[in-house]
Amino acid sequence: MVHWSAEEKQLITSIWGKVNVEECGAEALARLLIVYPWTQRFFDNFGNLSSPTAIIGNPKVRAHGKKVLSSFGEAVKNLDNIKSTYAKLSELHCEKLHVDPENFRLLGNILIIVLAAHFTKDFTPTCQAVWQKLVSVVAHALAYKYH
Amino acid sequence: MLTAEDKKLIQQAWEKAASHQEEFGAEALVRMFTAYPQTKTYFPHFDLSPGSDQIRGHGKKVLGALSNAVKNVDNLSQAMSELSNLHAYNLRVDPVNFKLLSQCIQVVLAVHMGKDYTPEVHAAFDKFLSAVSAVLAEKYR
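As given, the protein sequences belong to chains D and Y, one line each in that order. In this text, residue positions in the first sequence follow full-length UniProt numbering: the first is 1, and each later residue adds one. In this text, residue positions in the second sequence follow full-length UniProt numbering: the first is 1, and each later residue adds one.
Hints in this document: simulated from the structure, not taken from any laboratory. Careful: at least some of the hints might be erroneous.
[Unchecked claim] Stretches of chain D that chain Y covers, calculated by requiring three or more beta carbons in the stretch to come under 8 Å of a beta carbon on chain Y: (1) 28 to 34; (2) 91 to 98; (3) 104 to 113.
Computed from a prediction, not measured in an experiment: that's the story for all the values here. Ideal Cβ placement from N, Cα and C applies to all residues, glycine included.
Only chain Y is shown next, with the shape it has when bound in the complex (with noise of 0.2 Å):
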């Protein structure tokens, strides 16, 4: 469950992202494209070559609905329902790769705020990216 101060921890830290949505989301998708490269399959139709436009741009449309998510993280449900729709009628990705691109996001942060991802900062992502995963695939079955 998300304290309060997990929310505000959020915040803070997300304010440093919003600026850089489209180049950390594309990072992100690149660094779970090579780690786990079974996560490429549900891409067949992308251009994943390094700096690829296709990249860039669904990095930032991730980036964008984690942004939403931030915003309404007292209602994600609610917030996410379109998303959940999608994934779960339409892309249907299996959910075990919500944690693949989650620890990859976590990653994106702790590389660009080095020793400001403090351990709190960390509890507070995993868990927020956690919840956000379990509304993504609330409407699977």
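With the rest of the complex left out, here is chain D (with noise of 0.2 Å):
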């Protein structure tokens, strides 16, 4: 099991909290499209994905960026539980999605340089640290019923 120290839990929990999860999800799954195109592979359905303008400006990616990083959320709440609270969702990655869990990784820190850009310098090195850590886990989580 994940050991956060309080100071942890507080650095997560209060930088989530003024986080607005529709905008930043979006943002963040937009990015991640653009930034890695190959990830793309996962989106065939998802219509006009061929400019950064027309990612961004993509409905189908900002609901599923909102979906994704609610599901992000279920993280912040259960800290002490990550890898029981993604059990059903790896599965879901693995079985049905195919989704190399490396994409988690890529994710991750797209969404710790989101973060960065909206916090500027309150996202001290201490708080990116232990961003770093809960993207970590959760990634790792998220693979953890691969097979």
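Grab the two chains, each in its own frame, and use the hints to assemble them into the complex.
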């Protein structure tokens, strides 16, 4: 089980409390598809992904980004139980969606950059460290049930 | 591959970093040491306490090298040849760490540029830092 100090939990929840899940989720997913275009392979049915502008404006990208980040919120609510929180989602990503877990790491790093751009100097090195730990734990939990 | 547009975006964005090399470099290193403590194993000889002169000096050096890379983006292999040699034969930093420092450099840029660190600029820098990392690892074996 992952150990979180009181300070770490505080840094996570205080940042999360100020995150607009819909905007931030849309931004993070759009950036994933723009910065790592091969990730578009999972979204053939999303329509126009032909340019950064198209991706950012794409309503399916926005909706899916919101869904993904809302799910991330479950980790924040269940910091002491992330593995079990994501057990079903992990199976889904393996058996149905066939997503290489490397993509979870890529998205995690993108999320960090989105938070950094949004919170600027409030996203201190300690804050970044805690969030890098969180995204890494989430990525690990999502990959845990792979077989 | 870096497109002409990528190169333009990188050069424009870098102008904002140019006058803050020591500060941004030090911040990137501090972020890396904090988020990825294993990277400290390469600096047993350094004083890693906050505000350390060695961190500031080294940060300035790293960003200076990146500035040089930005100026010579069409010819990275040649422009960074000495640094490639240094990393391959002398420092022998495991290349996985280049990704960690690249992430922290991007966080520093995002923190200081805010919304100006647009998805397009982000993509261009990610590609650029990957290219630089590849050149640094080029002569490893």
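**Item:** Structure versus earlier hints, numbers of those that do not hold, lowest first
**Value:** 2
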